[in-house]
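> Below, each chain spelled out in residue letters.
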Amino acid sequence: MLLPHFLFVILLATMLYPADGHVVPLRTLILATVIEVVLILKQKFTSNTVLRTAAGDVAGVLFSFLFLWELLTERLNYLDPMLFPAPEIIFTLFVRELPDMLKGLYGSILLLGSGYLLALFTAIPLGLIVGWKKRLFHAVNPFAKVLGPIPPIVYIPYAIALLPTFRTASIFVIFTGAFWPLFVNTVSGVFNIPPSLIDAARMLNLKKRTLFLRVLLPGALPSIFTGANLALLLSFLLMTAAELIGATSGIGWYVKNFSDFADYPRVIVGILFISIVVTAITWFTMRLERYLLRYREVNND
Amino acid sequence: MISINNVSFRYSDKLVLDNISAETPSGQFVCLLGQSGCGKSTLLRLLAGLSAANTGTIHIDGKPVSGPEKKCSVVFQDYSLFPWMTTGENLMLALRNSYPEKKRKDVRFIAEEYLEVVGLCGCFNKFPGALSGGMRQRAAIARSLSVGSSILLLDEPFGAIDPLNRTLLQDLLLNLWRNAGEKRTVFFVTHDIDEAVFLSQRIIVLGSTPGRIIADWEVPKKEEGAGRGIFDLPEFKEFQSQLLTLYREDILRRLESGSIQQNGSGI
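Residue numbers (our numbering), protein chains in the order written: chain H, 1 to 301; chain V, 1001 to 1267.
A couple of the hints might just be wrong.
[What the hints assert, rightly or not] Chain V stretches covered by chain H per the calculated footprint, using a threshold of three residues with CB under 8 Å from any CB of chain H:
1. 1065-1073
2. 1079-1085
[To be verified] Calculated lysine-lysine pairs in the DSBU-like style (CA-CA distance at most 35 Å, straight line):
3. V:K1071 x V:K1221
4. V:K1126 x H:K134
5. V:K1237 x V:K1183
6. H:K133 x V:K1070
7. V:K1071 x H:K207
8. H:K145 x H:K207
9. H:K208 x V:K1014
10. H:K208 x V:K1070
11. V:K1070 x H:K134
12. H:K208 x V:K1063
13. V:K1014 x V:K1063
14. V:K1102 x H:K208
15. V:K1070 x V:K1222
16. V:K1126 x V:K1105
17. V:K1237 x V:K1063
18. V:K1071 x H:K134
19. V:K1105 x H:K207
20. V:K1014 x H:K133
21. V:K1222 x H:K133
22. V:K1126 x H:K208
23. V:K1071 x V:K1183
24. V:K1126 x V:K1071
25. H:K208 x V:K1071
26. V:K1183 x V:K1063
27. H:K134 x V:K1237
28. V:K1221 x V:K1237
29. V:K1183 x V:K1222
30. V:K1103 x H:K133
31. H:K207 x H:K133
32. H:K208 x H:K134
33. V:K1070 x V:K1221
34. V:K1071 x V:K1102
35. H:K134 x V:K1014
36. V:K1063 x V:K1103
37. H:K208 x V:K1103
[As the list claims (entries may be wrong)] Okay, the calculated beta carbon distance ranges per label pair:
38. H:L292 x V:I1251: 27 to 35 Å
39. H:F284 x V:G1227: 54 to 62 Å
40. V:E1023 x H:Y291: 48 to 56 Å
Just so you know, these hints were derived from the structure itself, not from any lab.
The model shown is predicted, which means the values in this text are computed figures rather than measured ones.
Glycine residues also receive a C-beta, built at the ideal position from the N, C-alpha and C atoms.
All chains should be modelled from the sequences, with the hints used to inform the complete structure.
Quick look at the structure:
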């Protein structure tokens, strides 16, 4: 219970310990303090003991990491400063580079969003139809089995050669990568709807539109979310990969560009930024999933 | 009027129903009684139009059944309600589909009324998952009544319900059928003799492997308001024991024919 606070104090001491030419790492200090405050608030207001312990553990790991980082770089000069910059350098640079990275992110998200949304709006309806019409499924399944497992990264060079612009090429690659996991999971989602629910729907003589929107879609939704999460991670991967190969802007390009100049602090800042973005997106989709599938949490048998 | 003429049904190579024929006047409460595996649920599915017979025909009011139709509605043992919609939305979906011309507000009102009829006043906004098994079956019954089908098909609807709620649901179903003027034809599938005797006017007993009609009997006439008191009356005791004898013979025949084997197949 007290261990993370103890680690926080050690971290503070490491950062503040006076020495010749040592400047107090202000941003790292602020970050550590913010973590500590959040931890205290969590421990005060969370009634679930498991979650409370977890918050303490996570904070403890963060403090230990920052402590080791600060100690081995800034305080002891033990690591090569070009490959392992001190925390303060990274956090200062992060703040300074944020506008540029956000601009890059905007372009990247536009790319990712186009490919991903295109996949959502084609794979889900097609998956529902194919899952509903058994004959269509048997006709399509062999092709899905062959085409689905091809790693979409192999399309990138060909797509860049084939399509007129880098943008269309990356959108195509992201689309292909996101399409199959979405499609396959939508089809299996329809298959997994309990047969008596399908019978109930048939007995109600629902119009096709109602059947698809109010029965098949929500029935397949748990499985669709599995596919959508997979597709999202895959498209993020593909977007970054595509930018590494052929882009002149964007967040993947940012990392690649500065690593070409051996500017590793900016590379680390870029990686940090990407991880924050991915975490934010994952958190948002998780909330959306929990809201849309909330009916599953009320089971009383 | 529902007429089943020489209906047979096979599932892959196995004969499930063998030459079934029966006529049912509109408004009759019929129980299909039989042990598990006798094909009674299959017969119900054929009536509903969810499956098609291999030979023979089923006519409802003179028209052959070729697929699911509005005049039939079904309640299954489980999963009749869509779990991702609230109970009220489940009813509204069915109602809006049956009465597309009605306003949303009116449909909601009707749905609330039907929930009230089956004793689920405050459950409009609850998900089926939050209801008990008995409440879910009430809601399923409410939905099938609300769309105004003239034929109600129930496939062991109370099979997974505890005895007390089962009794309550039987009373509810019978009251709903009587209060509506005994106009709806009901086919009720069960393996419980008491349930069949208590609910129905007529019992069709199916024997097993393959499913065929071994008895088609009228239930002795019930006095109004007799309720479960009928089980004390001599004519009902006699009727029950006849059904029981029939049941026992069927079980013995199955055991002797060797269709039930050591490894459990055929049970």
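> Next, verify each hint and record whether it holds.
Comparing the hints with the structure gives:
no. : hint                         : result
1   : 1065-1073                    : holds (count 5)
2   : 1079-1085                    : holds (count 7)
3   : V:K1071 x V:K1221            : holds (28 Å)
4   : V:K1126 x H:K134             : holds (34 Å)
5   : V:K1237 x V:K1183            : holds (28 Å)
6   : H:K133 x V:K1070             : holds (22 Å)
7   : V:K1071 x H:K207             : holds (16 Å)
8   : H:K145 x H:K207              : holds (31 Å)
9   : H:K208 x V:K1014             : holds (34 Å)
10  : H:K208 x V:K1070             : holds (15 Å)
11  : V:K1070 x H:K134             : holds (24 Å)
12  : H:K208 x V:K1063             : holds (24 Å)
13  : V:K1014 x V:K1063            : holds (29 Å)
14  : V:K1102 x H:K208             : holds (19 Å)
15  : V:K1070 x V:K1222            : holds (31 Å)
16  : V:K1126 x V:K1105            : holds (19 Å)
17  : V:K1237 x V:K1063            : violated (39 Å)
18  : V:K1071 x H:K134             : holds (27 Å)
19  : V:K1105 x H:K207             : holds (21 Å)
20  : V:K1014 x H:K133             : holds (26 Å)
21  : V:K1222 x H:K133             : violated (49 Å)
22  : V:K1126 x H:K208             : holds (26 Å)
23  : V:K1071 x V:K1183            : holds (13 Å)
24  : V:K1126 x V:K1071            : holds (28 Å)
25  : H:K208 x V:K1071             : holds (19 Å)
26  : V:K1183 x V:K1063            : holds (19 Å)
27  : H:K134 x V:K1237             : violated (51 Å)
28  : V:K1221 x V:K1237            : holds (13 Å)
29  : V:K1183 x V:K1222            : holds (17 Å)
30  : V:K1103 x H:K133             : holds (33 Å)
31  : H:K207 x H:K133              : holds (16 Å)
32  : H:K208 x H:K134              : holds (16 Å)
33  : V:K1070 x V:K1221            : holds (31 Å)
34  : V:K1071 x V:K1102            : holds (19 Å)
35  : H:K134 x V:K1014             : holds (23 Å)
36  : V:K1063 x V:K1103            : holds (32 Å)
37  : H:K208 x V:K1103             : holds (21 Å)
38  : H:L292 x V:I1251: 27 to 35 Å : violated (49 Å)
39  : H:F284 x V:G1227: 54 to 62 Å : holds (58 Å)
40  : V:E1023 x H:Y291: 48 to 56 Å : holds (53 Å)
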